[in-house]
Structure formats: structure tokens, C-alpha cells
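As given, the protein sequences belong to chains A and B, one line each in that order. The first sequence lines up with residues 798 to 1278 when you count with the numbering used here. The second sequence lines up with residues 38 to 219 when you count with the numbering used here.
Hints in this document: simulated from the structure, not taken from any laboratory. Cβ coordinates follow ideal geometry from the N, Cα and C atoms, glycine included. Accuracy of the hints is not assured; some may be wrong.
Quick list of the computed label-pair ranges, beta carbon to beta carbon [claimed, not checked]: (1) A:L994 - B:G143: 24 to 30 angstroms; (2) A:T971 - B:S164: 40 to 46 angstroms; (3) B:A72 - A:D993: 26 to 32 angstroms; (4) B:S106 - A:L1016: 44 to 50 angstroms.
Straight-line alpha carbon distances no greater than 20 angstroms define the calculated DMTMM-like cross-link-like pairs of lysine to aspartate or glutamate that follow [said to hold, decoys possible]: (5) A:K966 - B:E90; (6) A:K966 - B:E69; (7) A:K1167 - A:E1193; (8) A:K966 - B:D167; (9) A:K1222 - A:D828; (10) A:K1080 - A:E847; (11) A:K961 - A:E986; (12) A:K980 - A:D995; (13) A:K1127 - A:D1050; (14) A:K961 - B:E69; (15) A:K961 - B:E90; (16) A:K1085 - A:D1058; (17) A:K1219 - A:E986; (18) A:K980 - A:E958; (19) A:K1080 - A:D1067; (20) A:K1222 - A:E986; (21) A:K954 - B:E90; (22) A:K1055 - A:D1036.
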Amino acid sequence: MDPALPASKTKIVIDPVTRVEGHGKVTILLDEAKQVVQTRLHIVEFRGFERFIQGRPLWEVPVLVQRLCGICPVSHHLAAAKAMDRIVGGENLTPTASKMRRLMHYGQIFQSHALHFFHLCSPDLLFGFDADVRIRNVIGVAARYPELAVQGVMMRKFGQEIIKATAGKKIHGTGAIPGGVNKNLSIQERDGFLGDLDQMVTWARGAVGIARDYTVSNLQTLAPFGSFESSHMSLVRNDGAMDLYDGNLRAIDALGNKIFDQIPCQAYIDYLAEEVRPWSYMKFPFIKSLGPERGWYRVGPLARINTADFIDTPEAEAARREFMALSDGKPNNLTMAYHWARMIEGLHAIEKIRDLLHDPDLQGTDLVVKGERREEGVGIVEAPRGTLIHHYRVDEQDQVVMANLIVSTTHNNEPMNRAVQKVAKDYLSGVEITEGLLNRVEVAIRAYDPCLSCATHALGQMPLTVELLDHTGQVLDTKST
Amino acid sequence: MNERRETVLLLGYGNPGRLDDGLGAALAAQVELLALPGVTVQADYQLCLEDAEAAARHDVVIFADATTSGADPFSFLRVDAASSLGFSTHALQPEAVLGLAQQLFGARTDGYTLGIRGYAFNEYEESLTDQARANLAAAVAFIRRVCEHGSFRELAANGSAPGVGDPPEQQSYLRPRGEVEP
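Excised from the complex, chain A in its bound form (with noise of 0.2 angstroms):
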């Protein structure tokens, strides 16, 4: 029994949660009333990283970082490479480096969030949340909607090939190098991708409009589901606009006022802590000014689309706006909005693509700038899950001596945490863990897209157990998938 707990509580615990990512675990607080008195999403996060980056050359570290996740290497690629640029004095790209990174970073968000909705969320949506496991996947989404299921791939894929062309290959990647990129983009390469551009707009499209007509016609029982009022971060450009590669950081509370604004990625440290907590091994960042209590906020889609001032893509901006008049214009605190802002920087990310495709400096030839060496660099880019953050620290022999990674997943720690907390209270009944509360535990996880990739994943590691224990610690009951 854990020896923090008072006798007289009853702890439910859900181990691990693979059905959102590799290795989680959700424990439930009872106290004698059988009421909810505390929720804990444990992730199991080995942050052994940083450390194995210490002693590698500069030069090596924006291929490393990429074995920190299966799912978005190449934000961790951009990530260091931003930090590196300024160590070696490069952050002022070429325009043919800039769109390339760009254009990288661009098939990075189309294909994580085609990959998310059609494989993850779209299962949730069409088939609703009570609906059983062995339909509500992709798998029965393939059998029930098949056109819909093909986009996913295909759109996937898409988004997959422009990081090949861009990076060098579609996992470990080279594109990005301190102070540029070691390739252009090529006639023919362009050529391929202009032939699939308009199904791919197309589709973006529509996915928004599934997520949209989704989220408005279930208002009524989205609207608290695993919801609650939170502050934003995200990076914005210098005019407020929505900038997923680059920018400074704005924060803002839950009715959308300021809490700062326009901070360089290299101060990021003076607004920004985490704390730790000895029962997870995830640090909990919060703003410095409201302390760990008050500074916890939300990343990722829905922070975003709430703290820019406006999208420069048009079709993009449009459904913000329609995005952002459901809360009359105020910040959308819906968890479940999570899915509709998700789709529409999916359709902003394609249509980003379109306009660097049509972009002639992507067949430039100058590709890497240097400068006044530093040694110190922070790197921040918007990763499909948030905000991601590389700091390092190099000596005089280019050698990594301070890495501090701050992923998307951890700065929505808190927020995860309190949407299982809110979705315990809301559906727990009894001391049983029902089919039902797992589905809905999940789907509020779910939302947040958390990454967890990486934990090794080797054959046959997925199994979901679910178990119950009483305040002596014997185990009462206990669920697998």
C-alpha cells in the first residue's frame, strides 16, 4: 500500500493506459464515501536523455534527439537545430534553409494530425465513446468508413514523403544542421507533391469539418466532459499570428488576458519552472509569476488556436473564426476542442505547404549561414503536441555539458492530470472500474495526443491491465485488454 495514503482511502488503478502511448498509469483516490479525492496519471518518462547527450558534439545532436520519439522526430530535429543555430551564431537562416526547415516542419503537423484524428480520435467520434473496444479503433474504422480511413493513410503518407525530401529520409533525419539545411528541395520532388496538393487541401478540409459538426452537434455533453478553465501557452509571431516554426512566447489566463507576451525563446527560463513531484517522474512546468499552483497551463492545438490573434492562412483563419465564436471569443476551455483545433492547423499546415511548393527559394542553393559563436542556445519550435523546448550548453571542444528538454506531454501534465480527475468524479461509481469509465479516462487523455513513444516498444508490451485495491493494498479487482 502506498504509505502516503490514510487507511481509510481506497486507491483504483488503470496500468498502464496503452491505449493512449506506451507506458502510463492512472490511479484513483476514494475516500471512505467512495467520493474521488484525488486522480494521478502516472508516465512513466525516462529522463535519462538529457543526460546521454552530455559529451556529444554539437554538431551530432540534432540527428540524436530524434530517438526521443517514434512519432515526431522532426520536431525534436528542429528543435536542436534552432538551439545549435544560435551557438553557432547561424539563426539568421538563408531563405532557402528557412522555407526547407519550414516546409519539414509543415509535413511534421500534417501527418502527425491526420495520423491522430483517422487513427486515434476518429474511433471516439464515430462510434462514441461507449461503443465496444473491438469496433472503436482503426480497424473498425476501416471496415465502417472506409473512404474516411483511406484519407488517414494517404494523408499520412503525404506528410511522411515531405519530410523525406526535406530531411534526407523519413526517420533520422539530416536536413537541419547548425545554421541550415545540407539540401534543397529539387524541381522534381516539388513536382511530385504539387500533383497530390489539391486532394490533400481537399481532405484537410473535410476533416475539419467532421471535427467541427462533431463538436457542435454534441455540445451538450462535450462542453464538461474533462473540461475546466486553464491559462495557454504557445509561440506566437511578432504580429500575433499563429507560427508553428518559429516566434516569441505568449501566455494567457482563461478568459484571454496576457500573462506575458512577446518573450524570446532564449528567455524562457526566466518565465518558465518546473517543479517535481515525487510521485511522478514527469516534471510539472508552470509560469513563474503564478507560482506552481496557479502557473500550470495547457499546450498543443487548442492553445494555440486560443492565444494567436489570427491564422495568415485563409481558409485557416476562416475556421478559427468559427472555432473561436462558440466561446463568443474568449479562450475555448473544451478538452474535447482539442480534436477541431487539431484539424484546423492541419488544414493551415497544408496550406502553408501549397504556398512554399509555389516558393522558388526551395530550389536556392545557399544553405548555411554562421556567425558569432555562443555557448549557450535554446531551441523552441510548436511541435504537434506543443510547445517543445531544447536548451544546451556546449564548451570550447563544441561538447554538450547542459541539455534541458522541456516535450509537449510534460508542459500538459497538469492539465491531463485534472482531466482525469474531472472525468473520475464525473463518471466513477462505486469501486468498479467500468468499461465505460476506462473508454472515458482515455478519451480525455486522448485528447491531449500524448506522446510516450519513447519507452521501447518491443513485441508484444501492449497490454492494458486495470486493477483495484483496497486500503490495505490487496488487489479487489482487475481488467486487461
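Got chain A sorted already, so can you dock chain B onto it with the hints?
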């Protein structure tokens, strides 16, 4: 063997940054160097949606990954297409990739898992243990023998293929799905 050589997609997956979890990717890298005719090689961190589309364009798909337990040096098992799933993550399981290839693209691709036994997974380091390296070599030799002298479909039908002899451990590599490995 059929006159037309069967087309094979070898999908090696895992995280090379987590010691023996990199066995699948290492296998892909080594088989790619062999440039075996009719064999397409891909490496990735994990299986994903678009692998179904790639699988559908081949006669045979081999899913190569590390295993944390089971047979040394490797197991080679037939995989059936899934008609349903009990869970979902960003990563797909081989059965799901085959199921999607079948449902979405009308494919009749045969699937096999090549599970190479690994021993160390819980540190960040890009290297394989010595025993994992030995198992990898055995797996590469197996793939080479089948591709050069036989066919995976013949192996499935007959339990053996020309040129595919029992390895020193006298282990039969083809087992029905679900059968316990030695």
C-alpha cells in the same frame, strides 16, 4: 518456387537509441546492403498507418522487431490480419497493418513477424549487446537464404524452403501464430 519472384517488404522497427530495441532497424540496414532482388526494405521507430499501403503493394511483408523474451536467436511466425483491435496507440501491431492492407486496399499480403531476441532495453545507448548481435547475424542469414533460394510462401506451405536448412540449434523457424516458442 513460382516463376515470378514474390515481392517482399521487410519492415524493421524499433528504437536504435534503446540498446537491443534497435534490432529491427539494424536488420533492415543489413538486409538493405544485400540488395536482394524483389526485397524492399524500410526502417522506422514503430509501425504506422501508411505501412498498410506499402504492405499492400507486396506479396509478403516481414515485420522485424526485437523481442524481450522467447526463442534465441529469433522466431519467425505467421501473422493473420486483424479484423478488430482491443486497443489503439500511435503504433500499430503487425496484425493491424495487415488488416488495414486487406480492408482498405484489397491486399492479400502474407505477413510474418521476425522477432529477434534482445536482452537490454532500458538505457539510452546506441549499441547492441553481444548476444543480440549474434542473433541479428542469424536473422540476416535466414532472410538471405530464403530470399536467394526460396520463398516465404513456400516456407509457409511446406515448413521449409530450398536452401533453408535447420540452423545449428535445430530450430524450426516457422510456427503457427500463437504457438509457444521454445
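Hint-by-hint comparison with the structure:
For L994 of chain A and G143 of chain B, the hinted distance range of 24 to 30 angstroms is satisfied, since their beta carbons lie about 26 angstroms from each other. For T971 of chain A and S164 of chain B, the hinted distance range of 40 to 46 angstroms is not satisfied, since their beta carbons lie about 20 angstroms from each other. Taking the beta carbon of each, A72 of chain B and D993 of chain A are about 29 angstroms apart, inside 26 to 32 angstroms as hinted. About 48 angstroms separates the C-beta atoms of S106 of chain B and L1016 of chain A, a value consistent with the hinted range of 44 to 50 angstroms.
As the CA atoms of K966 of chain A and E90 of chain B are separated by approximately 18 angstroms, the hinted pair is consistent with the 20 angstroms bound. Among the hinted pairs, K966 of chain A with E69 of chain B is consistent with the structure: their alpha-carbon atoms are about 15 angstroms apart, no more than 20 angstroms. This hinted pair checks out: K1167 of chain A and E1193 of chain A have alpha carbons roughly 17 angstroms apart, not beyond 20 angstroms. Of the pairs offered as hints, the one joining K966 of chain A and D167 of chain B is violated, with about 29 angstroms between alpha carbons and a cut-off of 20 angstroms exceeded.
Our distance criterion of 20 angstroms between C-alpha atoms is met by K1222 of chain A and D828 of chain A, whose separation comes to about 12 angstroms. At roughly 14 angstroms between alpha-carbon atoms, K1080 of chain A and E847 of chain A fall within 20 angstroms of each other, so this suggested pair holds. The straight-line distance between the Cα atoms of K961 of chain A and E986 of chain A is roughly 10 angstroms, inside the 20 angstroms bound, and the hint therefore holds. Distance hint between K980 of chain A and D995 of chain A is unfulfilled; the C-alpha atoms sit about 26 angstroms from each other, more than 20 angstroms.
Under the criterion of a C-alpha separation no larger than 20 angstroms, the hint pairing K1127 of chain A with D1050 of chain A is consistent with the structure, at around 10 angstroms. For the proposed pair K961 of chain A and E69 of chain B, the alpha carbon gap of about 18 angstroms is at most 20 angstroms, so the pair holds. Distance hint between K961 of chain A and E90 of chain B is fulfilled; the C-alpha atoms sit about 17 angstroms from each other, no more than 20 angstroms. Between K1085 of chain A and D1058 of chain A the CA atoms are separated by roughly 14 angstroms; this keeps the pair inside 20 angstroms, and the hint holds.
For a cut-off of 20 angstroms, the pair hint linking K1219 of chain A to E986 of chain A is broken: about 48 angstroms separates their Cα positions. For a cut-off of 20 angstroms, the pair hint linking K980 of chain A to E958 of chain A stands: about 15 angstroms separates their Cα positions. A threshold of 20 angstroms between alpha carbons decides the hint, and for K1080 of chain A with D1067 of chain A the separation of about 17 angstroms falls inside it, so the pair holds. Note on K1222 of chain A and E986 of chain A: the hinted pairing is violated, with a Cα-Cα distance of about 52 angstroms set against a maximum of 20 angstroms.
Restraint check for K954 of chain A and E90 of chain B: the C-alpha separation of about 9 angstroms stays at or below 20 angstroms, so the hint holds. Under the criterion of a C-alpha separation no larger than 20 angstroms, the hint pairing K1055 of chain A with D1036 of chain A is consistent with the structure, at around 15 angstroms.
In summary, the structure is inconsistent with hints 2, 8, 12, 17, 20 from the numbered list given earlier, while agreeing with the others.
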